[in-house]
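S.K.: Sequence:
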Amino acid sequence: MHNKQEEPTSPPPYGAPLLPVSGQNSFTQQHTTQKQTTWVSEQDGGWLEQFTSLGWRHSETLRTLKASGRQGSRDVAPEVLASIRRNEIRLSKREMEALYVEVLYTVFHKVGAQLHTDKKDIAEDLPRYAQNAFHIDMQDHLRLQAVAQEEKPPILVLNLVVVEAENLEAKDPNGFSDPYCMLGIQPAVQSGGIPGSPRDIYTLAQGSPPPDSPRVRAQVSLGSRSSVETESENDLDRSSSCESPKGFSKESLRKHHSMARLNLDCLKTPDAKLDSPREKLKKRPSFRLSFKRKPTESKKERMEHRDSLSNAIPAKIIRATSVKPHTLNPRWSEKFRLDIDDINYDILHLDIWDHDDESSVFDVVSKLNEVKGVKGLGRFFKQIAQSARQGGGQDDFLGCVNIPLQDIPSTGVDKWYPLEGRSHRSNIQGQIHLKMWLSTREDRGTSEEESWAEVRQHDQIITIFLLHELSKYKDDTTSWDGELSAAAETILHQHAIQGDLTPLQQAMCRWTAAARTHATKTLDHRVLHRILMSLHDLWDSESLSKEEEEMLAESYTSFLEFGLMEIQRHREVFPTPSKTHAIRLEALMKCLSLLAESRSYWKVCPFHKEVRGEVVAAVKKGAIEWYAQATLRYDRHREASISTGGDVALESLARLALHLTLDLQAGLDYYDHAFSSTSLKIPYIALNYKIFEKLLSEDTLKVLTIIQMDEDIENEVWQMCSVLRDLELNKESPHYFPHCSTAPFLLYLALAEFSRFQEHVPNSERRTLLLGTVWGHFLPSVTKWVDVTCYRMLCRIRAAILTDRVANTGEPVQYTTSAVDTTSCFYHVKTFWRHLAWPDPCSSYTLVVKMIESMSGTADYYVFLLQQRLHTLATDTEEEERAQQLCITVNNMEHVRNSLTLLQEELQFEQLGQILDAQDPRAGTTYSDHLTGLLLAALGNLDSKIAESLSPVSEKLRQELQKDVFHLAWSPDSLPAEEAVRPLLERLYASLSMYSAALLKNNLDRLLHLLWLGVLGALHQQIGKDTEEKQEAFFVRLYDALGLLRGFFHAHGRGLDSTTLMGEEYSALERQLRLHKTSTEALIEAYHLERLVVQERTESSEYGALFVRVYFNHDSLCVEVLQARNIIPLDPNGFSDPFVVIELLPKRLFPGSAPQQTNVHKKTLHPLFDECFEFPATLESCQSEGAMILFTLMDHDVITCNDFGGEAFLSLNTIPGVVPSSASVDNFHGLKPIELNLMFQKDPDNIMLKVLETRTNDKMAMEFVKKQKERIAS
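Its first residue numbered 83, the sequence shown is counted upward by one per residue in the numbering used here.
Please note that the accuracy of each hint is not assured.
Unchecked claim - Below, simulated SDA-like cross-link-like pairs (lysine to any residue); rule was C-alpha separation at most 20 Å, straight line:
| id | residue 1 | residue 2 |
| --- | --- | --- |
| 1 | Lys517 | Glu643 |
| 2 | Lys417 | Ile510 |
| 3 | Lys932 | Glu798 |
| 4 | Lys1349 | Val1300 |
| 5 | Lys253 | Arg413 |
| 6 | Lys517 | Thr493 |
| 7 | Lys1229 | Gly1268 |
| 8 | Lys932 | Gln1103 |
| 9 | Lys253 | Asp438 |
| 10 | Lys661 | Ala748 |
| 11 | Lys417 | His515 |
| 12 | Lys685 | Thr584 |
| 13 | Lys1083 | Lys1045 |
| 14 | Lys417 | His618 |
| 15 | Lys497 | Thr584 |
| 16 | Lys1314 | Asp1340 |
| 17 | Lys691 | Ser680 |
| 18 | Lys702 | Glu798 |
| 19 | Lys554 | Gly564 |
| 20 | Lys1107 | His1091 |
| 21 | Lys776 | Leu852 |
| 22 | Lys1244 | Cys1283 |
| 23 | Lys1027 | Gln949 |
| 24 | Lys661 | Trp800 |
| 25 | Lys1159 | Pro1054 |
| 26 | Lys1045 | Gln1103 |
| 27 | Lys1314 | Val1300 |
| 28 | Lys932 | Glu988 |
As the list claims (entries may be wrong) - Restraint-style ranges between C-beta atoms, simulated for each label pair:
| id | residue 1 | residue 2 | range |
| --- | --- | --- | --- |
| 29 | Arg681 | Gly257 | 35 to 45 Å |
| 30 | Ser174 | Lys702 | 36 to 46 Å |
| 31 | Lys1107 | Met1144 | 53 to 63 Å |
| 32 | Val1175 | Lys1244 | 27 to 37 Å |
| 33 | Glu1114 | Glu1345 | 12 to 22 Å |
| 34 | Ser1266 | Glu1042 | 43 to 53 Å |
| 35 | Gly858 | Lys556 | 16 to 26 Å |
Everything labelled a hint here was simulated from the structure, so no lab data went into it.
Beta carbons: idealized from backbone N, C-alpha and C, even for Gly.
All chains should be modelled from the sequences, with the hints used to inform the complete structure.
M.R.: In structure tokens, the structure reads:
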């Protein structure tokens, strides 16, 4: 068979013949010649090739567009970036200097201990980094540094969150406790009784406490002033050397403490009278002892030390948590802010107590915040002591912790601390969870609650640092990984601490700065997503002020607008085929998806539209703009082309469609995942396809309706085809060349390529697509192409015959170039139809029918021209040359015929028929059957034409074989069949040797089949002559010779197949020979077996029916003839005198069983016999193959011979007692009667009777034939 050719990637070579490799070839063993064109195709300018090459042109246009368009760009064009970037918002010089002073102030007053895991000390690099980031020259730097140093130092604040405790000791009878915490800042006293804090130095220098101080100190006995001042200076130097944030001068302390305020949040009893702090501590020893007791001192020493220490300095403002009743694992999560005087020496002390009664330490201490001024504090402590004595209650101590503040790093502490006792002997258990971090309050005359300025400053500082970091990357800002330098991070961290900014405020500032910077200098969207995720994670933990929420809302709005603009122009901002751009686009989509899900976004922007809808709108708008740009690029000459025929306009639309196809493919490869992988689930391809499809369909319909489509020339073309078929070969062809443009098909193929992306559109939305209405406008062009193609093929075939020459294959099997040209025409038609992939099944069916008729007519015309040329051979042509021309001619025919056999698969009959049958079910013949019928009719016509061409050869050979068959039949009986048939085989081999090498396999099979039928006919003639004189050896010899001949024509699978060889003619001859060589007795048995088979298949009772019972028991066969019904009348009176003869057959199995008969019943057609007969028989005989009973119904006549009334056969293999599975039958009369239809022999020409009839010298044969002739129906 012809191998189906694959779709070429370049224009397929015209006239590429498929040539056999070996003599006994099939079309699966073929190769393509290197010839690229022929003279025939040049005569019409390669008209067929123009359409076949449309697929190649289509692919080439795609490749060109991909190479020249945006598909080759990996970088964003500078003009694109310039068109989407916003102008950078710059601070004025005054604002920049003020912000720079803030940064220097932050650097000069660093807060917190340095972690051992930190990088190397970068304190000296911080001012230099800030100077470079702010672009400040040295002169301005020194000036602004002086300003920053003149500012008052900040007040250091400890932020403490008492989170929870666990595993506390049970103090109450119920097995629980009612725990609460008391906490405060405990100052340290240096050796010699000299206080070591800056506040103590201030008290000594002024002689009185500072105004509005939150802590009250008693007068202390000290040494000389000089020693104190010396110690103070040493402390100050020591603080500076270790970078303590609180190493301040006396003037700094003055400025610092002028802003100190007492926290009055927990005001309880404003009218209470207060004692001094010292008295309070004396009268309430429990909390005091927790702070001051040393386990190694005696009671007297402890009392003296306690009194001296109390006189030196009290615990700084004491705070208390709420009481958590009935629990050993309390959870407070309460926050406190405590001012710090000296971070190098101050200690945080925290007690946990079990609350026992109403008049307890918790109640009185909770009123400390009512104190206003030092005098009120003294009176309040006095009241606490008095009330405690009167109440008599006592809280139980549960444990304490002491934490040096200098150990708290700038990043804060979040850890569990084990509880300690008052002494080593104390049995304390449990631990407490604390969060601590440091911050400041600036003493600049502003309110502590006004942190809005700090937030704005933090945002501006981050922005300046971002711009400074990005300046290192020049134009490649997307390469920045989002990490600031260590110096920048340190400054920002210190500014956040000193401004007491929450993590949420810091994350918000990071986001607003990054989003603002992104609009001016493009950042990697992965960096933005990481920053936005940090903000999202912190949103529920804290809250923002109104001003901060407005700031965040403005940032969200600006980022969303800029992001939507990037989405709208994503083809330019994220050009393919860069995977990096696709990743950045995916990160942008993740940012927008996070905004859509973020509670922060909907909190600060409650009236914004849904983010997903905004993204969808941006994608659609971008698609519309992209289509407009593509239209300007490809459709500049559309209007001018329409007026001149429209080919340029159609080709321009085709390029536009391919451009859009490339865009969709690039979107599928690079963009679709980014849009569909986030929670927004944007159907990117579907959105773009629907926009492109609508606009492209409208433009296509506009052009197709304006352009005047070609007129219908079908009748004209088919009329010219008829003229061409009737024209003699030596006449000149008419000059008729109908035109059919390729431009509509280029557009059609481009639209078909584009429509492949329709599969990404949901089925429910496909009904709204317009492209389905466009295909109908191309149908006139396709119909015209089919009509014109038919005429063009006929012209080509005619030219090919006139210029025909033998194809140079180098093999014995030959055919000419005209066959190659003809099959090439079919190839072009099938290839172009496959490229079209016409979408409408109904019109496809009509077009396929026309193509089948066109190619079938072309093949028939080609065969007609070949036969016409063969008949014109000169009469004096030599026999060998004539035979060679015949072989080439029929090979050409077979080559063309084989090409037609592929139509069923290549034109997809089955698939098309199934679609049409589903749409329009038809009773009987299906659409596929009709198409197949058309093709089979064409192939049958070609088969008959090829056989007709080969018939002269077969007839000549048949005549030569007659003599050899005669000698075979009448050879001496002593000559073996192998020797008798040898002359015939040798003649066949000699006659076929030339044809076997010169003919294609199918043609050789045709010739062999014709010769085989001739040999069978010759043998049949020999059998029919003087049959009665022939002996058995004659038929045995012919039978054996028939087997040898069959093997010769089969040739071990290389010749005719078994099905062809054993056809109807062979079967009849083989049976006739087999019967002739069979003995008379065996033939009679075979005849009875044949009648038994007929009996079992007979359902008609036209001759009546006989009812019997038969079974085998104890070496005897019992037969009961019951009755007969509706027998035929055989007497003139309209009745019969019936009786039944019973015989066991064959006689060789039942030699002792003579026939028996019933009594005669007069004048009846329904005799009731009811007689039983017993035959001696063995079980083995009854079980033998062919054992049967013959019932013969006869009409009794007195004068003349009895008349035959019908016969019936019953196999003994099936009766009870013989069948192995049947049980023994005790009651013979209980068996169900067997109904046997009576029969006549209806075949007067029965071959077995004919064979027996030829044996005139055989008495048994003659008697049997005579008897059976009486049973033949008249």
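S.K.: Which of the numbered hints are not met once you compare them with the structure shown?
M.R.: 1, 2, 4, 8, 13, 14, 16, 18, 20, 24, 31, 35
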